[in-house]
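What follows is each chain in one-letter form.
Protein chains: 2
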Amino acid sequence: MSILIKNSIIVTQDKSRQIIYGDVYIEDDRIAEIGKINVEADFVLKDKIVMPGLINMHTHLPMTLLRGYGDDLPLEEWLTTRIWPIEAKLKSEHIAIGTKLAFMEMVATGTTCCNDMYFFEDVIANEAKKFGIRCYAGFSLIDFDTPEMKRECLLPECENFIKKWSGDELVKPVVAPHSTYACSPETLQKAAELAEKYDAFIHIHCSETRHEVYDVLNKYGSRPLGQIKKYGLLNEKTMLAHCGWITKEEVKEIADANACVIHNPVSNMKLATGGYTPLPELFDANACITLGTDGAASNNKLDMFETMKFAALIHKHHRWDASIVTAQQALDMATINATEFLGLNAGSIEIGKKADIVCLDMASPNLIPRHNTISHIVYAASGFNVSDVIINGKMLYHDRKFLTVDEEKIYEEMEKAKEELLED
Amino acid sequence: MSILIKNSIIVTQDKSRQIIYGDVYIEDDRIAEIGKINVEADFVLKDKIVMPGLINMHTHLPMTLLRGYGDDLPLEEWLTTRIWPIEAKLKSEHIAIGTKLAFMEMVATGTTCCNDMYFFEDVIANEAKKFGIRCYAGFSLIDFDTPEMKRECLLPECENFIKKWSGDELVKPVVAPHSTYACSPETLQKAAELAEKYDAFIHIHCSETRHEVYDVLNKYGSRPLGQIKKYGLLNEKTMLAHCGWITKEEVKEIADANACVIHNPVSNMKLATGGYTPLPELFDANACITLGTDGAASNNKLDMFETMKFAALIHKHHRWDASIVTAQQALDMATINATEFLGLNAGSIEIGKKADIVCLDMASPNLIPRHNTISHIVYAASGFNVSDVIINGKMLYHDRKFLTVDEEKIYEEMEKAKEELLED
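Those sequence lines, one after another, are chains A and B. All residue numbers for the first sequence refer to my numbering, where the first residue is 787 and numbers rise by one. All residue numbers for the second sequence refer to my numbering, where the first residue is 787 and numbers rise by one.
For the record, the hints were derived by calculation from the structure and aren't laboratory data. Quick reminder that beta carbons are idealized off the backbone N, C-alpha and C, glycines included.
Listed next, the stretches of chain A that the computed footprint assigns to chain B, with coverage defined by at least 3 CB atoms under 8 Å from CB atoms of chain B:
#1 842-854
#2 858-869
#3 1043-1057
#4 1081-1092
#5 1102-1108
#6 1165-1176
#7 1199-1206
Using the sequences and the accompanying hints, generate a full structural model.
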């Protein structure tokens, strides 16, 4: 497939964060040329803002099934009376449809790569491959039976999962011990050994709530990050979701380990987890900071444009300083910071990079006039300004239409799945 | 004009906050029928979420001109190096184009009524009338010369403005003393007398920043609300923008006076004004609470869906309580709370009410599945899910297209105005 994008503002996100005016040519899975280009192509677009696809670093894809099912409740009540009873009924067909819908929402709002963590991860990985989206698929390890399998099967099945998906172009298997409160030291250690054996990434919840921090501290004598470190899970492959209740000392430990923090401002605010991910301190320590939406049940959408805006604004608000967490930093967190951490040859618009690209229509009242393109992307744009999405060189979403997905059919299947899950 | 909306989810926002399934029929400027309806109509829509139009209670419309012009700067630097130098160059033609663009953005994202405050308010009022949007037009009173006129002309011109626009169906003149730091006691008092003489609404900034509160306190011996009260401006016609730094005692005074608080969470966070509008306490005191975006220069958009989400989430976050400021409360603030305060016969979908109505497409990945419609509107929707907007019974935006506005022409004029303003 070849794609030519003409007369556009190109937000390169290269080393110098250049913004240039011109054309981008994509051939097969790569960016082949940037400049003034006249060639034939399968698709020709024009007058766009062209930017790297956004990377949603923490989500639970099938939770679209529970979007809006139990809001405005205290966290404990939300989990015990709403989320867990429904999750216990989940079957692989629900997971498949919930995941498809999540991919549709993400792609339609400019996300080209996600980092998931859930049950039935093989179903999710299959859906990602079919959909054509880049997905880091986190196989959850946890100390109780899941809707999919008995707890004793999790570790061997996780290993099978890693073997099966290793080498896939779009789907990368990830070891995902749920958290230090839901995983015993033994589980944490085995997860670390497994990840090391296959050089896999690790995805874990860390210090999301104050309650969690003190529970873990009381039970094990270490805070969550201490547990993660003690059992061999803190290294340059580790992705720590939330970190809303970490200390300044822990900031240093994360930075020293070259681990990655995933900030989920919308979910944290909506679930009222309190605290805040200490972004200014993490920036000062040169830690890797990325962004996620979390699952649709706690957000309730998967729009990374919204997440960038919340990420910038919540810290300005906390520190009474409008210069803290700039639009450029927010965009970096959602693009190049994540790809550099993942070792993914994407995240910027440069020749030779994988073509994971998002186009916005400039002709929208919220994007006029254009004083500053980065400001527009972070503060003024919505995911719905996205007109076209290219992943691995393939046009998946063109002129606001999915090219490879039967939209109506998925909506119908989703409503059916919802009805089924709500039955007694 | 007649409009029939078939087979839809109707978010009535009536006294019992009913959500019903059926049809809505609009004739002339009113909601004529709700139920199962079979009639001919000029427009027939179907399968929508139908809701009252949103009411943006605090904005500075022409500031779309400065969208993204100087973000991530400390407030003082932003004002002195960016906003004020450009504002000094404003001419009525800039105001007209900036206002038109603001109306386009607001209507396209579901706002049917706004409460503005700026210079050149007569130009703004004229544009509102031409556009067909409901606008409470605040004529600014301030103690320095404006780009439009000398300070000594402001009060008499404000009176002329009120006389001119009194009785207009869509545009209502409002007396808008800027703030207690930019208006002397004498100006405040004259504004109060003028508002009383014409029974006009009053729109004023109040306790936006801590700096402001202590400046006013040091200068006059009263905090901003004290000044407002002392000079006769605190009553059931008063709309207080921000209130981010008010005391619990002031909450009571506002509630007792039946004044209205306008919460602008996105602008407050982006400008890092600190503090927070004490919504839980204001609710407890039965104060009237409404929402605004503030101007596009400090937001940077005019999407009230986004503002509802920020309004709900910031208070959950502050209070570590996910049950604080519910989706229903956020929607009430953006609709019926405002119309009840304004004495406007709109804000709900009931027979006999003015037809200020917004339709959302249900078939969008972020609105599937639908467990809870109110949750969807506040947490999952974006302004861009809006498909149709009806104001005073007139279809202004249909199937995502403006029916009465030359979109491209306005974009071109806006870019031209921007270039002009940036010239040395």
